[in-house]
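*Asks:* Each chain, written out:
Number of protein chains: 4
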Amino acid sequence: MSELRIGIIGVGAMGADHAERIVRRTSGARLVAVSDPDAARAEELASRLSARVVADPLALIGARDVDAVILASPGFAHAEQLFACLEHGKPVLCEKPLTMDAASSLQVVEAEHKLGRQLIQVGFMRRFDPEYTALKQLLDSGELGRPLLLHNVHRNKANGPGFRSEMIVRDSMVHEVDVARWLLGSEISRITVHAPKPTSAVPDGVLDPQFAVFEMANGAMADVEVFVNFQVGYEVRCEAVAERGSATIGLGAGVLTRAAGHWGGAMPEDFRIRFDRAYDIEVQRWVEAVGRDEIDGPSAWDGYAAAAVCEAGLASLSTGQPVTVDLADRQAVLG
Amino acid sequence: MSELRIGIIGVGAMGADHAERIVRRTSGARLVAVSDPDAARAEELASRLSARVVADPLALIGARDVDAVILASPGFAHAEQLFACLEHGKPVLCEKPLTMDAASSLQVVEAEHKLGRQLIQVGFMRRFDPEYTALKQLLDSGELGRPLLLHNVHRNKANGPGFRSEMIVRDSMVHEVDVARWLLGSEISRITVHAPKPTSAVPDGVLDPQFAVFEMANGAMADVEVFVNFQVGYEVRCEAVAERGSATIGLGAGVLTRAAGHWGGAMPEDFRIRFDRAYDIEVQRWVEAVGRDEIDGPSAWDGYAAAAVCEAGLASLSTGQPVTVDLADRQAVLG
Amino acid sequence: MSELRIGIIGVGAMGADHAERIVRRTSGARLVAVSDPDAARAEELASRLSARVVADPLALIGARDVDAVILASPGFAHAEQLFACLEHGKPVLCEKPLTMDAASSLQVVEAEHKLGRQLIQVGFMRRFDPEYTALKQLLDSGELGRPLLLHNVHRNKANGPGFRSEMIVRDSMVHEVDVARWLLGSEISRITVHAPKPTSAVPDGVLDPQFAVFEMANGAMADVEVFVNFQVGYEVRCEAVAERGSATIGLGAGVLTRAAGHWGGAMPEDFRIRFDRAYDIEVQRWVEAVGRDEIDGPSAWDGYAAAAVCEAGLASLSTGQPVTVDLADRQAVLG
Amino acid sequence: MSELRIGIIGVGAMGADHAERIVRRTSGARLVAVSDPDAARAEELASRLSARVVADPLALIGARDVDAVILASPGFAHAEQLFACLEHGKPVLCEKPLTMDAASSLQVVEAEHKLGRQLIQVGFMRRFDPEYTALKQLLDSGELGRPLLLHNVHRNKANGPGFRSEMIVRDSMVHEVDVARWLLGSEISRITVHAPKPTSAVPDGVLDPQFAVFEMANGAMADVEVFVNFQVGYEVRCEAVAERGSATIGLGAGVLTRAAGHWGGAMPEDFRIRFDRAYDIEVQRWVEAVGRDEIDGPSAWDGYAAAAVCEAGLASLSTGQPVTVDLADRQAVLG
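Residue numbers (the UniProt record's numbering), protein chains in the order written: chain A, 1 to 335; chain B, 1 to 335; chain C, 1 to 335; chain D, 1 to 335.
For reference, chain A alone in the conformation it holds in the complex (with noise of 0.2 Å):
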């Protein structure tokens, strides 16, 4: 498989963060081009990365060497560059909102229908994040029985200025709303959002936080509390009510279960589940180290004296008794 040529509009927190996963984390791609109307920002990003800046998002999309696009430019810009990218048949990862408000979104829908071929994917990141895929596919197996309420919480620490009523629905709380479809797998038929008294942390006239009550078309309920100047840190809890049990997770353990007399979680079979990600690590940073003509990790000498140290262990378990380790003048041998 070649690589994929990638090109990223909008370079502000979201896209700069993408185009370093592009570069540094992903296998099988490579970052070509980046636009932003900053084109400060685009040049920094471009050059560090070495990547080239090319001023006119439009320009970027039918540009012969971008195979595959990333939208992370603002909401209100969408709609022309999804279409851009429909005409051009590239595929593109578009950030959410689709488009600001349901009539364009359904036509660019439509547009993407009549093309023959989905090109478009939004960027509903929670449906990759491994607890709520383990949360998911709990729930298919069927095992807690049909799910029958969702609760959620979604809480940041603080909003910047002009921040507005509005952007909790759709910025924060259009996360939750992928999340019911998805978990319950029925769409949304009815939607109350209560706004109690807001906390004092926010300007007169800003609601937060707010709640709302989603009803599903096939009789499922979901709840979600958006609260976006919490003070506290961030935190997002997904807590699914089945007939059998509940599923709970956001609280850092995996999937913590509610079933048949116990709550708990698993215990992984073996390391490479436990380890996976240190591996990984390890991995990266070797090879990023090679390049370097350095290593970044356990020394010779630290395999040295782990080898000392058993062989002294080995000795104590035969005897039972205390055994002194005799290591190496460390300074005499590495000087």
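Hints are computed from structural coordinates only; laboratory data are not their basis.
Heads up, the list lumps identical chains together, so a pair's fine if it works in one copy or across two of them.
Cut-off 16 Å, straight-line C-alpha distance, at most; resulting in silico cross-link-like pairs (EDC-like, lysine to aspartate or glutamate):
no.: 1; residue 1: Lys114; residue 2: Glu87
no.: 2; residue 1: Lys157; residue 2: Glu243
no.: 3; residue 1: Lys90; residue 2: Asp293
no.: 4; residue 1: Lys90; residue 2: Glu288
no.: 5; residue 1: Lys197; residue 2: Glu243
no.: 6; residue 1: Lys90; residue 2: Asp67
no.: 7; residue 1: Lys90; residue 2: Asp65
no.: 8; residue 1: Lys157; residue 2: Asp171
no.: 9; residue 1: Lys90; residue 2: Glu294
All values reported here derive from a predicted model rather than from experimental measurement.
Starting from the known structure of chain A, fit chains B, C and D onto it as the hints suggest.
*Replies:* This is chains B, C and D only, laid out in the frame that chain A set:
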């Protein structure tokens, strides 16, 4: 930076896992060659991952197009292969143990030292585990004062036939040897290995579990339970006890600290920390799906449905009443 | 202080439990009389706990040697029995509900108010649960700022035949009604009860689970899931979300707070907090064993064995070597 | 059963706590006499709790109206007082240690044995802690197989001046000595006490923390960290490792088990288990409030308000719409 061309010696479970890692999850590196006494196993892997087989491991080490080597061969083969790597000036990531005894390990250390360049990194991958590194940072920060004691638990579900008591020390406890040296920043000066009455799950003569006490040169101590036929699952935990608090990892929830009248953990600052891995997976899978002319995630319809719900949500927010979501007929639109 | 002489009306599960509590775990009180339509049940309990049976509940209320009354009769009998207590000036602890509807409850309030003395206490016992009281104290302290939202979960394992949807509101949700009023310090001004598609564990027509939203007079909100056929077990949780943090109880580990970048709980100051209950149980069981000329706990031998180990431990501490414990031959000493 | 009349020797922190316990939280017992070298302290307690002071502890033991004795005097006074109890045939609950050394403890055992009746119970109160008893039951059930190892942690926040290293063994570790003997059902045959480099929170010469290894007669093992100047708070944990799983207590959440691919705890069957203690406290406080012509809990108004909300809730349940709660004006009703 051009890609690092890697050869892997030994493609059993560990080596095959590293091969997949290089090809699918490591950027900046490429797998070019593998070697294994089991020729069929080597052929299968090589053809699947587009590498070639080199029958003789020393020939692989010497090959022109191999820039660096991963040693996943049995421990008894390490010494010869490490010397070959040093001779050819090839960086090598060597799975533990470095070699089978302290004397030969020391020879490796000395040989590398003579070269004047560190080529050998040992595969104590816990130093790269996010929880262990967070614990190391916490201890090094001095926030909890000087570390006094380390309690380690290392459990495997079960071990295959042919298992012998010494393997616990050599293959399992060796990880805690490195962890204690690294976390406490000191060599182990005395070791006692206790063998309580063994579990009935092992044959006569095998000592499992084992319990070791390490006395460090700097006066700190560490203890470790190793129990490789625990029946339950895989579990690795470490609690560091320091002058003003303790910190535990391996509970699946990051670092759990006890300090100043509280127990608990940290709340992440923002979503990028919490969902970092979800973004990586999302983008990697999208890149791969594009190569197959597909998408592998939320579709344009999902984006549209979210937009429609948010619109209704904003209407509910302004009225405080339930609002029906008016979604287009999916069948009619998408056929 | 002379002992309070108590009569109990209704000795089903709840009333019988209260009877045991008065006799075995409450100091300063004595059970003198019980009343129940099921005469055999009343006789059995009375004879076991050395009380007498009074067939007519109103006669029990009027009895000279009854200083105070516990009402554990069915809700529909409460109004008449409460009025009798007021008439005789007898303090009464009334299990919830006070009465079956708001109108008759208000009459009870007014009748007591005319007496000029509070005789009635309602059995909302969560206000005495150590976790709920700790949560209440935390909220009242102002440490987390003003409370904004309360998320409640109330689950039972299963419900018997004859169960009707209204019972969820009357018998279960009523606890959360009191919890919300008490914790938030405000009356409920509006309520919405949602009924998602019911679990298949209930007969047609029964609505379980239910999900309610309470809007408080002071602008705060509370929501509550009640699910009385959860299959799994009993579970009651409450999370209070305030301006600068949240606090959750019902996880079995005291109050879990999220505030200022951390999650966690409190470490107790000393052993009396941790082992308070153990001391109570120890002494109560010892008192009862003495009455049978027995001991019911560690014996003198246990004290001796501990002394012998500690002596050996002190010897080991001073030498750093293992020390054998030289225990007398138990058989020889005790026969 | 007539009430057991109790005398307490020693009314420092521990003895005063026991005095309160007898008077306020123990049924079937009465405090009649106390003795303490500090006459003022004894007088204050006695007058507050309606007992009398007996200056001479041996006279208290011999007093006609003292049925049983609680020894909370310093350890060095125990031997003489225990012999006096045996002589007078008085049951005695003796705080640990039984006596200060193994030889005198053995004499006490022998003296009691000659009497042919067990009068002495030692205050190892952990055997009554609900978590420890649950752990003991779990181990005795055989569900996890034979216990192999016990890991204990025992931490105090700080210790006062005059503290000496031996106290860690005698006053703190002694609890784990009893725990290990009791949970593992075997005597300790060998002990090693390690002293890592002490925390800087203690004066020169004091060894804190200490780490002990117990080898049991039946081949099992136990280890224990005792750290009495931990700075953080009080913490006691115990993990039992058995052939097919492990179980941990002291996390504040009952028994945490790891078995058969899962970790977790038990869900209670019903509300009485969860709220057992709340009911006890409710009734005890109500009994005491009645003695003061008061109530000490939810009032009739609280019962009325709950009834009104439930009525509105039932209306909402049947319509699916929000329903306003129509509450009487509290001021108008109650003045």
